[in-house]
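**Q** Fit chain to chain and form the complex, with the hints in mind.
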Amino acid sequence: MALDPVARAAIVAALGPDDVVDDPVQTRAYECDGLTGYRVRPEIVLIPRDAEAVARAVKACHRNGVPFVARGAGTGLSGGALPVADGVVISLARLKRVLEVDPENRRAVVEPGVTNLEITAAVAAHGLYYAPDPSSQQVCTIGGNVAENSGGAHCLKYGFTTNHVLSMEVVLPDGELVTLGGDSPEQQGPDLRGVFLGSEGTLGITTKITVRLLRTPETVRTLLADFPSVAEAGEVVSDIVAAGIVPAAVEMMDTLAIEAAEEAVHAGYTVGVPAALVVELDGPIEQCDAEFTQVKEICDAHGCTRLHIAGSPEERAAIWRGRKAAFAAVGRISPDYFVQDGVVPRTRLAEVLGRIADMGDEAGLRVANVFHAGDGNLHPLVLYSAAAGETERAEELSGAIAELCVELGGSLSGEHGIGTDKACSMPKMYGEEDLAVMQRVRDAFDPEGICNPGKVLPTPRLCGERPGKYRPHPLEESGVIERL
Amino acid sequence: MTTPAGSADTNLPQTGPSAFDEHHPPSRELLDDCVHCGFCLPTCPTYQLWGEEMDSPRGRIYLMDLAEKGEIGLEGPLRQHIDACLGCMACVTACPSGVQYDKLLESVRPQLERNVPRTPSDRLFREAIFALFPYKRRLRAAALPGALYQKLAAVPAVRKLAAKLPGRLAALESLLPPVTVREAFATLPVHTSAVGDRRGRVALLSGCVQDVFFHRVNEATVRVLSAEGLDVLVPRDQQCCGALELHAGREDPALARAKRTIERFERLDVDHVVTNVAGCGSSMKDYAHLLADDPEWAVRAKEFSARVRDVHEVLAELGPRAPRSPVAARVAYHDACHLGHAQGVRTQPREVLRSIPELELLDIPEAALCCGSAGIYNMIMPDAADELGKRKADNVRSVEPAVVVTANPGCLLQIGKHLKDGTDGALPLLHPVQLLDASIRNVPVPRS
Numbered sequence: 001m002a003l004d005p006v007a008r009a010a011i012v013a014a015l016g017p018d019d020v021v022d023d024p025v026q027t028r029a030y031e032c033d034g035l036t037g038y039r040v041r042p043e044i045v046l047i048p049r050d051a052e053a054v055a056r057a058v059k060a061c062h063r064n065g066v067p068f069v070a071r072g073a074g075t076g077l078s079g080g081a082l083p084v085a086d087g088v089v090i091s092l093a094r095l096k097r098v099l100e101v102d103p104e105n106r107r108a109v110v111e112p113g114v115t116n117l118e119i120t121a122a123v124a125a126h127g128l129y130y131a132p133d134p135s136s137q138q139v140c141t142i143g144g145n146v147a148e149n150s151g152g153a154h155c156l157k158y159g160f161t162t163n164h165v166l167s168m169e170v171v172l173p174d175g176e177l178v179t180l181g182g183d184s185p186e187q188q189g190p191d192l193r194g195v196f197l198g199s200e201g202t203l204g205i206t207t208k209i210t211v212r213l214l215r216t217p218e219t220v221r222t223l224l225a226d227f228p229s230v231a232e233a234g235e236v237v238s239d240i241v242a243a244g245i246v247p248a249a250v251e252m253m254d255t256l257a258i259e260a261a262e263e264a265v266h267a268g269y270t271v272g273v274p275a276a277l278v279v280e281l282d283g284p285i286e287q288c289d290a291e292f293t294q295v296k297e298i299c300d301a302h303g304c305t306r307l308h309i310a311g312s313p314e315e316r317a318a319i320w321r322g323r324k325a326a327f328a329a330v331g332r333i334s335p336d337y338f339v340q341d342g343v344v345p346r347t348r349l350a351e352v353l354g355r356i357a358d359m360g361d362e363a364g365l366r367v368a369n370v371f372h373a374g375d376g377n378l379h380p381l382v383l384y385s386a387a388a389g390e391t392e393r394a395e396e397l398s399g400a401i402a403e404l405c406v407e408l409g410g411s412l413s414g415e416h417g418i419g420t421d422k423a424c425s426m427p428k429m430y431g432e433e434d435l436a437v438m439q440r441v442r443d444a445f446d447p448e449g450i451c452n453p454g455k456v457l458p459t460p461r462l463c464g465e466r467p468g469k470y471r472p473h474p475l476e477e478s479g480v481i482e483r484l
Numbered sequence: 001m002t003t004p005a006g007s008a009d010t011n012l013p014q015t016g017p018s019a020f021d022e023h024h025p026p027s028r029e030l031l032d033d034c035v036h037c038g039f040c041l042p043t044c045p046t047y048q049l050w051g052e053e054m055d056s057p058r059g060r061i062y063l064m065d066l067a068e069k070g071e072i073g074l075e076g077p078l079r080q081h082i083d084a085c086l087g088c089m090a091c092v093t094a095c096p097s098g099v100q101y102d103k104l105l106e107s108v109r110p111q112l113e114r115n116v117p118r119t120p121s122d123r124l125f126r127e128a129i130f131a132l133f134p135y136k137r138r139l140r141a142a143a144l145p146g147a148l149y150q151k152l153a154a155v156p157a158v159r160k161l162a163a164k165l166p167g168r169l170a171a172l173e174s175l176l177p178p179v180t181v182r183e184a185f186a187t188l189p190v191h192t193s194a195v196g197d198r199r200g201r202v203a204l205l206s207g208c209v210q211d212v213f214f215h216r217v218n219e220a221t222v223r224v225l226s227a228e229g230l231d232v233l234v235p236r237d238q239q240c241c242g243a244l245e246l247h248a249g250r251e252d253p254a255l256a257r258a259k260r261t262i263e264r265f266e267r268l269d270v271d272h273v274v275t276n277v278a279g280c281g282s283s284m285k286d287y288a289h290l291l292a293d294d295p296e297w298a299v300r301a302k303e304f305s306a307r308v309r310d311v312h313e314v315l316a317e318l319g320p321r322a323p324r325s326p327v328a329a330r331v332a333y334h335d336a337c338h339l340g341h342a343q344g345v346r347t348q349p350r351e352v353l354r355s356i357p358e359l360e361l362l363d364i365p366e367a368a369l370c371c372g373s374a375g376i377y378n379m380i381m382p383d384a385a386d387e388l389g390k391r392k393a394d395n396v397r398s399v400e401p402a403v404v405v406t407a408n409p410g411c412l413l414q415i416g417k418h419l420k421d422g423t424d425g426a427l428p429l430l431h432p433v434q435l436l437d438a439s440i441r442n443v444p445v446p447r448s
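Chains G and P, in that order, are what the protein sequence lines are.
No gaps in the numbering here: position 412 of the first sequence is 412 in full-length UniProt numbering, and each next residue is one more.
No gaps in the numbering here: position 351 of the second sequence is 351 in full-length UniProt numbering, and each next residue is one more.
It is possible that some hints are incorrect.
Said to hold, decoys possible - Counterexamples of contact, computed for chain P against chain G with all Cβ distances above 12 Å:
#1 E29
#2 A67
#3 S305
#4 G416
Said to hold, decoys possible - Covered stretches of chain G, as calculated for chain P (at least 3 residues, CB under 8 Å):
#5 13-25
#6 28-37
#7 88-98
#8 268-274
#9 351-358
As the list claims (entries may be wrong) - Interface residues of chain P toward chain G, partial, derived using beta-carbon atoms under 10 Å:
#10 F20
#11 E52
#12 C95
#13 S97
#14 V99
#15 F130
#16 W297
For the record, the hints were derived by calculation from the structure and aren't laboratory data.
Values in this document were obtained by computation on a predicted structure and should not be read as measured data.
No residue lacks a Cβ here, since even glycine has one placed at the ideal position from N, Cα and C.
The following block holds chain P by itself, in its conformation from the complex (with noise of 0.2 Å):
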């Protein structure tokens, strides 16, 4: 009598043609990996939430597994429980066979898509959510003060979500900080130089939420990057890289977005493409991946993803080299799932913070727990999303900081929202760049 803990279909034969169709369907060696050992449960924030085995990485691939053998359909609890999965990758860090979660939520998403008709009102939704959010001119009419369809009257899934499900309408508009017009109109200079010794020569993603509500970041990451000795371009007509749309299963648009971004920056004479949102960041290292079969595509598509970088990355590698005057406080980073768990960014991030003398470095418990930011995950599963971000918010306030810091527009302003719900909202929430600029710039450190 044995114990077999080895690949899924050790008693489970194909028992009919796969539920998926022939245009990347989950490959049936990324099932096999997994041994069912269940490690990926502590950090799953929905199997957290609800200690249900189909809503975790273990259980979403076991569903998986039977549609590939054929012995469930794509609708029903498939599509439930991997709509309800926040994309975190919390499982990929955790999982000691080195199942690639990842890949195979990339390949089901989009044959959901495709072929489970979503209800009317969740199709308005989401066509309104990627209406807006990839294009920077209208969010910066979101952004402006009013009411949001007053302002994107023009734009057709905004009109029609505004004309069937108003409150919904409202439910987006809440996620949207305000900003001055300044800031929600400012540009980055075309090209800024490294300050000194030219150590090297960069181009940034601007990104588009990013650029038009943390605008500030970007400035400061420009600073950053020349006082560290890099010449930095920002191409000017840059536009969306497609994260959002690919962490949705929108494999259509995402792949528009993706060459358009390819196209844009691999004319550049840089040594690296840089970002400062860990979403755009792992997007782009995965276009390789994505277009690996599109002859026309997969080689420009490898060399440029072999260029892209985060932010700390670069300046990690680099070393510290302009002047940092102190920063006396106490300061929680939060990993960003996008940047820890999916690029495997943990060190560098800690490493810049802690090249600011005098800063007290603190690790958040529960770090590697999404904060249900997730993308559009807090827009189109809000109660999930609130839940874990209080249980965030409960988590940063534990170890008592003076600012909070991490690399995404998304966790700030999820972390933002539920921190602002307790008595602390004046809290400072910042990209770590933001600290690094005020140390080297020796200017107070931003409220935001």
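Isolated chain G, as found in the complex (with noise of 0.2 Å):
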């Protein structure tokens, strides 16, 4: 079913030639996000320049009723930005001017093409910062974090992108341009910013942004250590938490994830370990101090075989780029990868990597892990060469570790979003009176089904089945109640 020609002229001239790209070429450039196995080609892309300009282009949209999909820097990992075949795509790439600096206020307003870190960058003279760091920050843009809620190494102690959100400028669906929140942090009646935030590009697209900031810290340290095993590494995270510690941020890798890191960055991580944790504290020097010397304590309990302190601000940097580049840097260890993202309860976290290095074995395939040892999130590489035909293999081993993760009592995905990728999976988590609620909810916002289609629920296309669509309710039909 091809685009009608007069929906095409439509939405082309919502926004004029200079802001649209749909050369048949052209647009097959915007295919795929960061997660390349999926991959549909838009018919049309359009790249507005300000908020009106994006409400013009979804209106059109919603008036011809052609889908279209939100994408920002195309960095994530689960397809949320994946376009809808004879679909639009609207790029956030040119809104990104930062609006306000409002130091006083710890406040600053944005537009979703902004990156995480330019943030940042803009704030850092009046020593304020924005908390949520995902590894992909230097790149990702705000406008997706909001989409993907994401997390990060520091959000152990921070919080996710909705704790530090206060507000977005909308355009819904249909074209209309609404703010969800304000400037206190507390508002009354139902939290639409909150609904809103996370739901991967299908209730609207986000135009403005207002992110809270924080103070820089007073003092920052930093220690890479180097463990006999995985399992003395799990330990350690424990104890530390154990101990009434909130570290700023609590990272493990494994051998191959060191060894991949090291070779891009040489961050100075020993190659060979079998597991590495990168801890880092941060606030008011005396406490730094206090916990910091526990935590080593905790360390050399558990075995640590080499103990790195980061000196300077610059070899910080470094062992954090070190772990930041750590899933790009895989491709240089293996040809091919699957990147899982998983959650675990804490205290299960040695006994997953155990099951998880078993299950390889098993496989015949290398797993490589990074995460967040802090809060349980696992990011477990599958190493594979599609040359040598072990594609199907490891896109098993892969799926079963997501599914070995919910059983153990964890989750589907950690921060990476459910998107294209996991949609299939949603019913291995939530019943069907869960998902059913949870369509109402967007079918509340987008009854057409025109933004961002396909994605977070399962549809029969995709996945051969559904727990069926929302039915209104007996109450609703007499009047009692009515939908939001």
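**A** The following block contains the structure:
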């Protein structure tokens, strides 16, 4: 089914030719995001320059019943920005102004195409920073962070995107421009900001975001500790938390991940050790120093083989560069790999890692582990070679690891989102009723189903079955209650 | 359900014969190295300007990949977006997966030059550029006061351009700064002895644009190297190293120049072949790769490339010996792309500058972003280059320097042009060795 020529003309006219890409070859550059396994060529890519233009674009799509998908930097790992065939991609790459910095109230107002790190760069002179720090923070955009409720290494102490966004201006799926939330963190009525944030682009498109800023901590102490086994490192994490310490971040990498990261950035990681922890404390100097001593003692008690303390901001930056480049760096040690994202209760870290290792051995594949150990968010990377015909085996193993997380009382996704990738797995975590409620919320925002369709919730086309579409409640039919 | 982030061929098999011809097509392995993570986007100048995926390294590799799989042709979008690339290689620095975009671009550009015809006016303009820049004698003529065409009427490509496209000839001329007759025709001594105990012996590539428009930089380089204990040879009959042609995809003339340069320098008994031009250093270090499958030249090219050093590499490795007098000034260092990104030489120039007492070294915001010069880019894509030049000039001003230094003549011309557009035209723009030279000789810092 091709895009209707009248609809095409109306959509192109909404922005004008300079902000439209509709060449059949050029649009192919938009056919996937950071998840290249799924590809769909959009019919038209719109690249508006301001919020009003985004609203015009959405209105044109709505009027013509054409599905659209918002896209930031296209770094997502769950196919959340996968286009719809014959549909429109609305790129926010040109909405990248920092509109306002208000150091006194510790707020900044930014457009969605501003990268996560650019917010901090814009406010650093005031001794402030934006706390959530996804590993892709130098490239991923704040609009995408809002869509995915992105996390990051420091979310252990500071919370996710939702804890740092006060309000958003959004374009609803019918083209209406509204503001959700407000300057005060405490709002009256239903928390629509909270509903929208993390909805993976299915409820509308963010065009302006007011973020909270934090004061740059008085001091930051970072250490890199090597351990003789993953289990020992896992116990260190539990002991640190049990001691009442709230580290800014606790990250774990296993031997393969260390090898890849070190090869990419030469940050001083020890190649060959079974496990390494990056532990970071921040806050007032006295507290940091006292807790840092405690952390070192805990490391020693678990047979730490080398303890490297970052002696300068450059050394600290190097350690983090290594950790944050780890995903992409795995490309250096394996021709192909799958990035998995799951969560287990922190107390079961050692157990899940043991099981993953066994499953890898059984499948004859290597699994590298990089993860936010402090909150039990795993990123197992299944290494394989497509050329050697290992793709299917690797896909099965990666899927089995995600299911193992659910089985151990965890979750399907920690921060990468459900997107296209895990929509069909949703029934493993949620019952029919849960999914039906989610669908009702979505229908309330997007009754025509044109806003990032096919993502997050399972659909028959994607998954072959569906837990049932929303049916009106009898009370609703009788007019006692109404749909929002 | 899983997240494939591996090679780009996960779902796309070869659907037809490659659109590239068989002479050095982009290799499948290099294309597959890209995992589509997007870490290259923030430092890509064209993505920063236009925000379009096709004009990002990731998008360009995606199009190369489609062409290699036979899904799209070389003409149209592929050529358009490869032409728009500055070749600054900031993406190579940014890439965590080690994608060699430099090698990919180096194989794709000649493919396009060979297989996709250009419009007559585009061809004419490029012919004129390459009939002028690699030739010192013609550049000298062009540098003297008076209309470019009258001075170069003997060069057919320039004559044709003047007849058909006088506007573009004027654009070309506006980029050539005026120089004095003395400087345009000055030559360096063939041999300069080390001052004090000899620490080594080097040969200097004097360059084409560099030697005509920035002869004073070459003079400073010779003085500094000799003051630091090196014998300096400057072979008289050296020619262009081929950098401009190489980076524009004109493979045959570039390789011919590479061979001539190797021939001229390989017989000299020196430790290093030194250059003070980022673009020349990057191309000469690349000869080994370029000539790797030429049986007659492979070994000679490899030996030659192994001896090539940027002047800052040599100075940083030797360590300071000549006494320095203080230069109390705020100095902003601009990383030339072909030095920082292409050669990975970032710490050495800073180390050299820090060896000058009382000098306050400043880093420029968005340091990884190209200034828009990029070889011949500011001549063929003037609008994009102007935007980048303005942005760079604003970033330079933001750190309030008293002097700006950078190690490439293209950057000096481009940044100089855009700083002059502001109110601070008097800001001295120098090569780092000029500052070092002034410090060692204890003379005032030159104005240009």
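**Q** Of the hints given before, which are not true for this structure?
**A** Of the numbered hints, 1, 2, 8, 9, 10, 15, 16 do not hold.
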